[in-house]
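Can you make the complete structure from the sequences, with help from the hints?
Next come the chains, spelled out residue by residue.
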Amino acid sequence: MRKVLATVLACVMMVSLVACGESAPAASTDNGSTAPAASTENTQVAADEKVDLEMWCIATESDSNRHSYEAAIADVTAAHPEVNFTWEAIENQAYKTKIKAAVAADEMPDIFFTWSCAFLGDFVEAGRVYCLDEAYEGFKSELPESMMGNSTYDGKHYGVPLTMNIVGLFANMEILKSVGYDAVPGTYEEFIACCDKLLENGIIPFGCAGKETWCVTEYLESVIEKSCGAQTLGDIFLGKATWNNADVAGAVDTFQSLVTNGYFDPDGIALTNDEVKANFMAGKYAFYMNGTWNCADFAGNDEFKDKVAVSEFPVINADKATLGQLIGGPSDTLAVAASSPNAALAAQFTFELGRQICHYGYLDGCGLPAWTPYGDTSTVNALTQTVAEICANANAYVLFGDTAMNADAANTYLSYVDQVYGCAIDGAGFVEGLTNDIG
Amino acid sequence: MKKKVTNGLNVFAFLLPALLLFVGVLIAPIILSGYYSFFDWNGFGAKTFIGISNYKELFTSNAIGFLKALRNSLLLAFLSVFIQLPMSLGLALILGRNIKGERGFLSVYFMPVLISTVVIGQLWLKIYNPSYGILNVTLTKLGLESLTRTWLGTKETALWACFVPTLWQYVGYHMLLLYAGVKSVSPELREAAKIDGATNGQINRYIVIPGIKPIIRVSVIFAITGSLKSFDLIYVLTNGGPLHATEVPSTLMINMLFLRNRYGMGSTIAVMLIILCFAFALLINKIFKEDK
Amino acid sequence: MAEKTSASSFSLDSGKYEIQKTSKVGQVLVYIGLAIWTFVNLFPIYWMFTFSLKDNKEIFGENVAGLPKHWLWSNYTRALNTGHMLVYFKNSIIVAVATILITLIAALMATYAITRLTWKGSKAMNGFFMLGLTIPIHASIVPIYVQLSKMHMLNSYWALIVPYAAFSLAMAILICTGFMGDIPKDLDEAARIDGCGIWGIFFKIIVPLMRPALATIGIYTFLQCWNELMFANIFNSKDELKTLPVGIQALSGQYTTDWGPIGAALVVATFPTLLVYVFLSKKIQESFIAGAVKG
Chain A
51 MRKVLATVLA CVMMVSLVAC GESAPAASTD NGSTAPAAST ENTQVAADEK
101 VDLEMWCIAT ESDSNRHSYE AAIADVTAAH PEVNFTWEAI ENQAYKTKIK
151 AAVAADEMPD IFFTWSCAFL GDFVEAGRVY CLDEAYEGFK SELPESMMGN
201 STYDGKHYGV PLTMNIVGLF ANMEILKSVG YDAVPGTYEE FIACCDKLLE
251 NGIIPFGCAG KETWCVTEYL ESVIEKSCGA QTLGDIFLGK ATWNNADVAG
301 AVDTFQSLVT NGYFDPDGIA LTNDEVKANF MAGKYAFYMN GTWNCADFAG
351 NDEFKDKVAV SEFPVINADK ATLGQLIGGP SDTLAVAASS PNAALAAQFT
401 FELGRQICHY GYLDGCGLPA WTPYGDTSTV NALTQTVAEI CANANAYVLF
451 GDTAMNADAA NTYLSYVDQV YGCAIDGAGF VEGLTNDIG
Chain B
30 MKKKVTNGLN VFAFLLPALL LFVGVLIAPI ILSGYYSFFD WNGFGAKTFI
80 GISNYKELFT SNAIGFLKAL RNSLLLAFLS VFIQLPMSLG LALILGRNIK
130 GERGFLSVYF MPVLISTVVI GQLWLKIYNP SYGILNVTLT KLGLESLTRT
180 WLGTKETALW ACFVPTLWQY VGYHMLLLYA GVKSVSPELR EAAKIDGATN
230 GQINRYIVIP GIKPIIRVSV IFAITGSLKS FDLIYVLTNG GPLHATEVPS
280 TLMINMLFLR NRYGMGSTIA VMLIILCFAF ALLINKIFKE DK
Chain C
-2 MAEKTSASSF SLDSGKYEIQ KTSKVGQVLV YIGLAIWTFV NLFPIYWMFT
48 FSLKDNKEIF GENVAGLPKH WLWSNYTRAL NTGHMLVYFK NSIIVAVATI
98 LITLIAALMA TYAITRLTWK GSKAMNGFFM LGLTIPIHAS IVPIYVQLSK
148 MHMLNSYWAL IVPYAAFSLA MAILICTGFM GDIPKDLDEA ARIDGCGIWG
198 IFFKIIVPLM RPALATIGIY TFLQCWNELM FANIFNSKDE LKTLPVGIQA
248 LSGQYTTDWG PIGAALVVAT FPTLLVYVFL SKKIQESFIA GAVKG
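Residue numbers (the numbering used here), protein chains in the order written: chain A, 51 to 489; chain B, 30 to 321; chain C, -2 to 292.
Think of the hints as simulated: they come from the structure by calculation, not from any bench.
It cannot be assumed that every hint is accurate.
As the list claims (entries may be wrong) - Okay, derived cross-link-like pairs now, DSS-like style, lysine-lysine, Cα gap no bigger than 30 Å in a straight line:
hint	chain 1	residue 1	chain 2	residue 2
1	B	LYS242	C	LYS120
2	B	LYS223	B	LYS242
3	A	LYS290	B	LYS85
4	C	LYS117	B	LYS315
5	C	LYS66	A	LYS334
6	C	LYS21	B	LYS318
7	B	LYS97	A	LYS146
8	C	LYS21	B	LYS76
9	A	LYS206	A	LYS261
10	A	LYS357	C	LYS54
11	A	LYS357	A	LYS227
12	B	LYS223	C	LYS21
13	C	LYS87	B	LYS212
14	C	LYS54	A	LYS334
15	B	LYS242	B	LYS315
16	C	LYS182	B	LYS242
17	A	LYS290	A	LYS370
18	A	LYS261	B	LYS170
19	C	LYS66	B	LYS170
20	C	LYS201	B	LYS242
21	B	LYS212	C	LYS182
22	C	LYS279	A	LYS146
23	C	LYS54	A	LYS355
24	A	LYS261	B	LYS315
25	A	LYS146	B	LYS85
26	B	LYS223	C	LYS279
27	A	LYS146	C	LYS147
28	C	LYS147	B	LYS242
29	B	LYS184	A	LYS146
30	A	LYS334	B	LYS170
31	B	LYS129	C	LYS120
32	C	LYS280	B	LYS212
33	B	LYS129	C	LYS54
34	C	LYS54	A	LYS261
35	C	LYS280	A	LYS100
36	A	LYS146	C	LYS235
37	B	LYS76	A	LYS290
38	A	LYS206	B	LYS76
This is the structure in structure tokens:
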């Protein structure tokens, strides 16, 4: 397992197409799996005067990351008796509103959860985020430089990555078996044939939450990447190329044909992701494309864990795309507010916290580790291990579009994705609209 | 003369708490919103003055779709005035003529007014649920399967599906307002008309409704400005989706402010909302005045 | 409110005979209509109550609309314990009560100044306050947010109470004006002759006589702040300060697929108010009506 991961990390380093700021400095490839002790050296603050540190995150009680946060916080607060640590978890959508409002008012907590790339980038640009370069020195051996790329701006580090995730094609193997498939078809033609077969048998192939557009992008971005290639999509997301691209238009049409062919659950458009996920686990759909953070929930459900398999979306146009081109990368990040009165301590604390969250999150199957894993990882669930193997064979990552783009562009993009999913526009309209509105 | 001086100070003292609240929390922020609306500002970075570009973009950009949001809220206002208010008025007129069980009906119809909008939204979300909601389940049981649909997920039905809970919640509100008016029509006048041989319909038409015109005017203003301001219910039910079919200016504003980091544009929408609300209030007052 | 001006424009063209006839059939139709609307009003509330006591199996198929087969009170324990519904309820009450108090004081004082004291511009001042009736609360969210944060008032009850009170003020002044108009001005005169100052008149005569207005203003203000979601969602993020609307939104995010606890939370948020209403319905309606008539 550890070997696989070492390869994963090495691969990410070589091929990550999305590095947000100016290109990250060359990575040190030293990823020997030295296991750090859970407790770490105390910082210079005297133990008798307590320092308040506050953190906001999105690990609400229903979030699959909740346990890893709780365990990590227990570890790190034990190692820092001088810190009076408080934290608060806010529901994902509400959190986006709240953190932006807090940044606007310069009322941020010391430590805050953020998505990497553009989301954090806006805050960095406004000068509200504390630079972590100094604190990072102490953790370089455990946290490869390449994993910092998405939160590096102008060569400076501003975020501590936690886990990394990709988009996975989850399949309910029990349903596939019932229509005569033992494995998820490897080529696109076979895959479509399988969907048709499912439809004939009255089974809906895909579940997708139309109420949350990012769920649609999990499908759409995979289709575009596997039609046009990772390079093309990555360049567009980062603004290095325009949306005005006939291949992309074609790929969007391909995606739309999946919708018009009835492969998607028509009810899905009014459902939230949690509802769709529950439907998938209840056997309502054969496939569910979503982030690999779901592995934890799937593997943790005794009834469901033996039915589910994860794989990579098949290649649609072999001239431009190959297997191993994935959507995803390190996105979940912790950052420190520049306004924090104890920013240096908070930075140290955040690195330790990030390492532990990553550790427990990986053990729980919430994602692949951005940090070099330590300890016994044999208990990691089979699904996550499969994902690790997929990543080991990866040759390119394109970060989720709505994370890679700035807030305004991302929402414009999402709005067009919505229209494609709702069949209000076709591929040409999608490309034209985005070219006009974003570039 | 002396009296006037004390008066001036006292007047000010009496007005002070209200003025502080009103100017500090309403007027000043609105002026600030107006100011922000001329800037390109992401809420935390530097502000760039861009004149009326935000307003221009608001009315021309398809990506923002303000006109569509406006149309949606006007449609809601239209439905409120021409479906909700007539229903309320009908109920008020019926209940206002001392029928049996008047009090009981009144109490039941007013009940939804006291329920929090979020609760109502969550409840109707469950009612509309495509697979398990009571609406589709009932239709299926009645053999009307062809009528079942994803009410909140279909462009054609979503706005109507958002209107129904509003109707459900506010019919009682307007009914009680109008009922109060109906009750205040003097019973002697009614009796006199009855003795003269007027039907109930005629009494309503020629005596009651003209008599409660001022209340109807208030109801119309509330219904229209309420629709223009509508947020909570739509936020809970659809958050503007699907495909902006239920987008209203308020949801758009929140989207601009907190999802797209466009505080300037969000403030522009806020200003437009205020202008619209005022314009409609004035218009309605005018219509009612001319009617007289 | 209803003046007798309209009585003249009234024509007769149908005989008594017809009244009798239509009223019999009409009566039945009217009652059927009323009964249907009663059902429409009550059924969702009933349904909410029943599904708050069921598990998903019952809700999703076996027993959609009937009374629960097994009364699953554990849904309520979940809503109250993990959902913190009681805390939210308490917060909503605190915010509502404080808002009502502040609104009352400010509105009474302002109305007194506007209607009973003679000064230039009292009319204009009244018009100024009436602007508040049409201003949407959402329009001021950004500046208020920035201001509150500068004053370090975010995440406190005040962050909601102050804006709510400000936005309830216009309606409250409108209602107050109606009620205060009913108090004869002779009383002020008499008190002044007895040596009462302006403040004396206000506290000794006006305030006690305004008691009926308090309930009315209370109800209108209550309806406004009990429902508000946008400010509450953005200004207060701490769990221990959340109000019911925000709490319910958060809870439904947590239990999207588990309807029972959501139902329980909805019931907890609703039934106390409805219970009060059942006992005081007449009083509440009368006060509400008073607002309409005086306004």
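Against the structure, the hints:
1. The straight-line distance between the Cα atoms of LYS242 (chain B) and LYS120 (chain C) is roughly 23 Å, inside the 30 Å bound, and the hint therefore holds.
2. The suggested pairing of LYS223 (chain B) with LYS242 (chain B) holds, with an alpha-carbon distance near 21 Å, which does not exceed 30 Å.
3. Annotation: proposed proximity of LYS290 (chain A) to LYS85 (chain B) holds, straight-line Cα distance about 28 Å (limit 30 Å).
4. Distance hint between LYS117 (chain C) and LYS315 (chain B) is fulfilled; the C-alpha atoms sit about 27 Å from each other, no more than 30 Å.
5. Annotation: proposed proximity of LYS66 (chain C) to LYS334 (chain A) holds, straight-line Cα distance about 26 Å (limit 30 Å).
6. With a C-alpha separation of about 38 Å, the suggested pair LYS21 (chain C) and LYS318 (chain B) falls outside the 30 Å cut-off, and the hint is violated.
7. With a CA separation close to 25 Å, the supplied pair LYS97 (chain B) and LYS146 (chain A) stays within the 30 Å bound.
8. Taking the CA atoms of LYS21 (chain C) and LYS76 (chain B), the gap is near 71 Å; set against the 30 Å cutoff, the hint is violated.
9. A C-alpha spacing of about 37 Å is found between LYS206 (chain A) and LYS261 (chain A), which places the hinted pair above 30 Å, so the restraint is violated.
10. This hinted pair checks out: LYS357 (chain A) and LYS54 (chain C) have alpha carbons roughly 22 Å apart, not beyond 30 Å.
11. The suggested pairing of LYS357 (chain A) with LYS227 (chain A) holds, with an alpha-carbon distance near 10 Å, which does not exceed 30 Å.
12. Proposed proximity of LYS223 (chain B) and LYS21 (chain C) is supported: the alpha carbons are some 16 Å apart, at most 30 Å.
13. Restraint check for LYS87 (chain C) and LYS212 (chain B): the C-alpha separation of about 37 Å exceeds 30 Å, so the hint is violated.
14. Between the alpha carbons of LYS54 (chain C) and LYS334 (chain A) the distance comes to roughly 15 Å, so the proposed pair stays at or under 30 Å and holds.
15. For the given pair, LYS242 (chain B) sits about 13 Å from LYS315 (chain B) by alpha-carbon distance, which is consistent with the 30 Å threshold.
16. A distance of roughly 28 Å separates the Cα atoms of LYS182 (chain C) and LYS242 (chain B); the hinted pair therefore holds under the 30 Å criterion.
17. For the proposed pair LYS290 (chain A) and LYS370 (chain A), the alpha carbon gap of about 18 Å is at most 30 Å, so the pair holds.
18. Only pairs whose Cα atoms come within 30 Å are accepted, and LYS261 (chain A) paired with LYS170 (chain B) is accepted, the gap being roughly 27 Å.
19. Distance check on the hinted pair: LYS66 (chain C) and LYS170 (chain B) sit about 20 Å apart at the alpha-carbon level, within 30 Å; holds.
20. Straight-line distance between C-alpha atoms of LYS201 (chain C) and LYS242 (chain B) comes to about 37 Å, which puts the hinted pair past the 30 Å bound.
21. A threshold of 30 Å between alpha carbons decides the hint, and for LYS212 (chain B) with LYS182 (chain C) the separation of about 28 Å falls inside it, so the pair holds.
22. For a cut-off of 30 Å, the pair hint linking LYS279 (chain C) to LYS146 (chain A) is broken: about 45 Å separates their Cα positions.
23. Distance restraint check for LYS54 (chain C) and LYS355 (chain A): the Cα-Cα separation of roughly 21 Å lies within the 30 Å cut-off, and the hinted pair is therefore satisfied.
24. With a C-alpha separation of about 42 Å, the suggested pair LYS261 (chain A) and LYS315 (chain B) falls outside the 30 Å cut-off, and the hint is violated.
25. The suggested pairing of LYS146 (chain A) with LYS85 (chain B) holds, with an alpha-carbon distance near 28 Å, which does not exceed 30 Å.
26. With a CA separation close to 29 Å, the supplied pair LYS223 (chain B) and LYS279 (chain C) stays within the 30 Å bound.
27. Between LYS146 (chain A) and LYS147 (chain C), the direct Cα distance comes to roughly 21 Å. Compliance with the 30 Å bound is thereby established for this hinted pair.
28. Restraint check for LYS147 (chain C) and LYS242 (chain B): the C-alpha separation of about 46 Å exceeds 30 Å, so the hint is violated.
29. With a CA separation close to 27 Å, the supplied pair LYS184 (chain B) and LYS146 (chain A) stays within the 30 Å bound.
30. For the given pair, LYS334 (chain A) sits about 21 Å from LYS170 (chain B) by alpha-carbon distance, which is consistent with the 30 Å threshold.
31. Taken as a hint, the LYS129 (chain B) and LYS120 (chain C) pair is broken in the structure, with Cα atoms around 45 Å apart against an allowance of 30 Å.
32. Taken as a hint, the LYS280 (chain C) and LYS212 (chain B) pair is honoured in the structure, with Cα atoms around 16 Å apart against an allowance of 30 Å.
33. Proposed proximity of LYS129 (chain B) and LYS54 (chain C) is contradicted: the alpha carbons are some 42 Å apart, above 30 Å.
34. Between LYS54 (chain C) and LYS261 (chain A), the direct Cα distance comes to roughly 24 Å. Compliance with the 30 Å bound is thereby established for this hinted pair.
35. A distance of roughly 55 Å separates the Cα atoms of LYS280 (chain C) and LYS100 (chain A); the hinted pair therefore is violated under the 30 Å criterion.
36. As the CA atoms of LYS146 (chain A) and LYS235 (chain C) are separated by approximately 15 Å, the hinted pair is consistent with the 30 Å bound.
37. Among the hinted pairs, LYS76 (chain B) with LYS290 (chain A) is consistent with the structure: their alpha-carbon atoms are about 26 Å apart, no more than 30 Å.
38. For the hint pairing LYS206 (chain A) with LYS76 (chain B), the CA-to-CA distance comes to about 25 Å; that is within 30 Å, so the pair holds.
In summary, the structure is inconsistent with hints 6, 8, 9, 13, 20, 22, 24, 28, 31, 33 and 35 from the numbered list given earlier, while agreeing with the others.
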